[in-house]
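Can you make the complete structure from the sequences, with help from the hints?
Each chain, letter by letter, is given below.
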Amino acid sequence: MKVESQNFIPAAQIAIRNPNIQEAVTTGTRNSYVKRNLAMSTPTLEHGEAMRQQAAEAKRRALRNLPDLLEKAEANMKANGITVEWAQSSQEVCRLVVEIAKKHNVHLVAKSKSMVTEEVALNDVLEAEGMEVIETDLGEFIVQIGKTHPSHLLAPIIHMTKPEIRDLMVKELGMTPTDDAGEMTKFAQAHLRHYFLEADMGISGGNFILAETGSICLVTNEGNGRMCTTLPRVHIAIVGIEKVVETVKDYATLTQVLPRSGTGQVMTVYTHMINGPRQPGESDGPEHVYVILVDNGRTNIYDTDYAEALACIRCGACQNACPVYRSTGGHAYGWVYAGPIGAIVTPLLVGMENASPLPQASSLCGACKQVCPVNIDIPRMLLDLRHDLVERGETSKIWDIGIKFWAIGNKSPRLFQIGGAMARFGRNHVLKNNFPGPLGGWTDYRDFPNFAPKSFHQLWKERQAAKNTNNGGANNG
Amino acid sequence: MAHDSKRPSPKGKKVSLFVTCMIDMMYPETGMSVVNILEHLGIEVDFPMAQTCCGQPAYNSGYRSESKQVAIQFLKAFKDSEVIVTPSGSCAAMVLHEYPVLFEDDPQWKAEAERIVSITWEFTEFLVDGLGITDLKARLPQPTTFAFHDSCHGMRLLGLGQAARTLLGNVENATIAELNEHEVCCGFGGLFSVKMADVSGAMLQKKVNNINASAASIIITGDSSCLTQMNGGLSRKGSSKKVRHIADILAEGLVGEGK
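In order, the protein sequence lines correspond to chains A and B.
Residue numbers for the first sequence follow my numbering, so the first one is 1 and each next one is one higher.
Residue numbers for the second sequence follow my numbering, so the first one is 1001 and each next one is one higher.
To be clear, the hints were calculated from the coordinates, so they are not data collected in a lab.
Model, not experiment: these values are computed from the prediction.
Hints should not be assumed to be uniformly reliable.
[Said to hold, decoys possible] Listed below are the simulated EDC-like cross-link pairs for lysine to aspartate or glutamate, each with C-alpha atoms no more than 20 Å apart in a straight line:
id: 1; chain 1: A; residue 1: Lys454; chain 2: B; residue 2: Glu1029
id: 2; chain 1: B; residue 1: Lys1079; chain 2: B; residue 2: Glu1044
id: 3; chain 1: A; residue 1: Lys454; chain 2: B; residue 2: Asp1046
id: 4; chain 1: B; residue 1: Lys1242; chain 2: B; residue 2: Glu1252
id: 5; chain 1: A; residue 1: Lys461; chain 2: B; residue 2: Glu1104
id: 6; chain 1: A; residue 1: Lys461; chain 2: B; residue 2: Glu1029
id: 7; chain 1: A; residue 1: Lys467; chain 2: B; residue 2: Glu1039
[What the hints assert, rightly or not] Partial selection, computed: residues in chain A whose CB lies under 8 Å from chain B:
id: 8; residue: Ile9
id: 9; residue: Lys72
id: 10; residue: Tyr445
id: 11; residue: Pro449
id: 12; residue: His457
Heads up, the beta-carbon is just placed ideally off N, CA and C, and yes, glycines get one too.
Structure (structure tokens):
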């Protein structure tokens, strides 16, 4: 997918002024956030915290042992009859999928929801090769017919209002207009049914890969994931290398927090453990199962202080909790991963120079870390990324100079007071309620108070002088 | 090394006030409120005149070297202090959480930074958790309904929130009401508010709407930065509601004889 993250500020402005996005994103994120808080504090908040700590530890342990676990996972998947491929780049992912598709004479591909395939822009490549690709997750399907991109990890069309979805389905699919969400879903299901039955190949992502059993795990709510991975002759699971965990027990730990954090569910409607192709005597399942393990920049993160970002289980809780995401929606972030986790992994995966506004797109409020089911210290990493931006000279010169002056004024007590007096004079006697230059953003949205006539330093000095006078000057305070 | 909540007890020690640069220039009366409350409690207060800023604006923007220059001035200014109290959760969090990072590899200043971290307290946690004072025996001149806005750094990095509620809850004539989304950021975020003014403004608008919908006439915060953001938004929208610093309200309750 094309990276447009450098455009964050104007894109955010457009989203903020779009009442539909505001209504849809505010409602969607708030609902999920409230449900998440309830689920993670049931039966008690302490219980939820304990689950978070266990999940965090399971993912940290998996990351520490990642090279070994990947080898173990590969060996056990192969033993299960799964063909394992490794892809270093998005081009390699696409090339492998095309090769597999050609080998099996594939014309129609049914896809279950997968962010990594968004990352590598797989659909475009398959369509260029003459294949028909259909997204079968309801949200992804709407995204596909609307020719747009998902704006949220779990809820791809969180940015759309119901009337917008209705109008799109009427226009693109000839649906009889209805405002009943159930009817709209039924219509989409009926439309999708024959694709499931006729598809030659199913493509899914993977929430986890279990090293000890060689299993692909998928948690879904719509049933389309099961159809995509069982009905077509061929199934390819495309999975980031960071999704490997060690044991079934770790998986159990993580599936406690994933649905709770994402949708507030104790458990998703469907939980799949895929252990290989159809065996002799089995009535269903694909003839061939492939797993493509995707790097695409992840090992570069693994070798840095930002490795913890790879612990993300893509639950979307940080997006729902983030007041910035709630205001901008996901598209403003300009790539696949939006919100707090996106503000970290996007610059790390696509290059800082291609996503330099994203680490700044946070008030550092810390809500993301608070809700993260694996306790990723997102605010800490945002601070570190901002430091990296300064070190790399990728900050605006006006701020570089401003901060230099600020430091000079604040490391000397004398200059601090002179600077304060100048700022007071400037604010109280020169500036009106529209500040110049880079400070103008403040007065676009809010008033700025006058400075006090006297600083605390001055008041304290006067107070001590008065005390000394009262004490006959005997006490120097 | 992260902030250790088990700081030595500050009881019986002289307090050095770190007033914060913002209160120094814009709200010095809030600094005086802190002094008045502490002196009312019989605590000796000094104000090291060499203090400037904690360094957070540069730190949060990634300018660590500039931030450190200012943080060193902080260490110098408070070198003789036994206990540092500051009426800001955000500035306290800068010292308690980020000085350990800033001075981690600095042989010259690391030890002093650790000492400073071990003696620094946010104002409300100093009273309640540090001294064990929960009731100032204060009384407001008028019955007033308040609600709390939980400032992010204080709440999420220092675990603040309950101390201020306890103190205000024990003030006569003070009623505490709910503020919807009291735990959601007001959108200030330091330079974020000018660098990403549209986003910050959108966050502020939601906060203003929630404040206007609250039964409270006054919103309480422990940070003058959030206060400036929220009052700026309220005033721009012509709201009659105001955000005020917890120290100012408590100090008003002590004027006269209290209850």
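- Item | Pair hint outcome, lysine 467 of chain A versus glutamate 1039 of chain B [Cα-Cα no greater than 20 Å] | 14 Å, holds
- Item | Hint validity - histidine 457 of chain A Cβ closer than 8 Å to any chain B Cβ | For histidine 457 of chain A, the interface hint holds, since the closest Cβ of chain B sits about 6 Å away, which is under 8 Å.
- Does the alpha-carbon distance linking lysine 1242 of chain B and glutamate 1252 of chain B stay inside the 20 Å limit? The hint holds at about 16 Å.
- Interface hint status, proline 449 of chain A versus chain B (Cβ within 8 Å): 6 Å, holds
- Message: For lysine 461 of chain A and glutamate 1029 of chain B, compute the direct alpha-carbon distance and say whether it is at most 20 Å.
- Response: 14 Å, holds
- Query: Is the hint on tyrosine 445 of chain A kept, meaning its closest Cβ partner in chain B is under 8 Å away?
  - Reply: At 3 Å from the nearest chain B Cβ, tyrosine 445 of chain A passes the 8 Å test, so the hint holds.
- Message: Take the shortest C-beta to C-beta distance between lysine 72 of chain A and chain B; is it under 8 Å?
- Response: 34 Å, violated
- Message: Next pair to validate is lysine 461 of chain A with glutamate 1104 of chain B; report whether the Cα-Cα distance is within 20 Å.
- Response: Not satisfied, since the Cα-Cα distance of roughly 35 Å exceeds 20 Å.
- Regarding the pair lysine 454 of chain A and glutamate 1029 of chain B, is the alpha-carbon distance no greater than 20 Å? Roughly 10 Å between the alpha carbons, so the hint for lysine 454 of chain A and glutamate 1029 of chain B holds.
- Task: Classify the hint on isoleucine 9 of chain A as holds or violated, based on whether any CB of chain B lies nearer than 8 Å to its CB.
- Result: Since the shortest Cβ distance to chain B is 7 Å, the answer is holds.
- 20 Å Cα cutoff - pair lysine 454 of chain A, aspartate 1046 of chain B: Holds. Lysine 454 of chain A to aspartate 1046 of chain B sits at ~19 Å (cutoff 20 Å).
- Message: Hinted pair, alpha-carbon criterion (20 Å max): lysine 1079 of chain B, glutamate 1044 of chain B. Please report holds or violated.
- Response: 17 Å, holds
Checked against the numbered hints above, the structure breaks hints 5, 9 and satisfies the rest.
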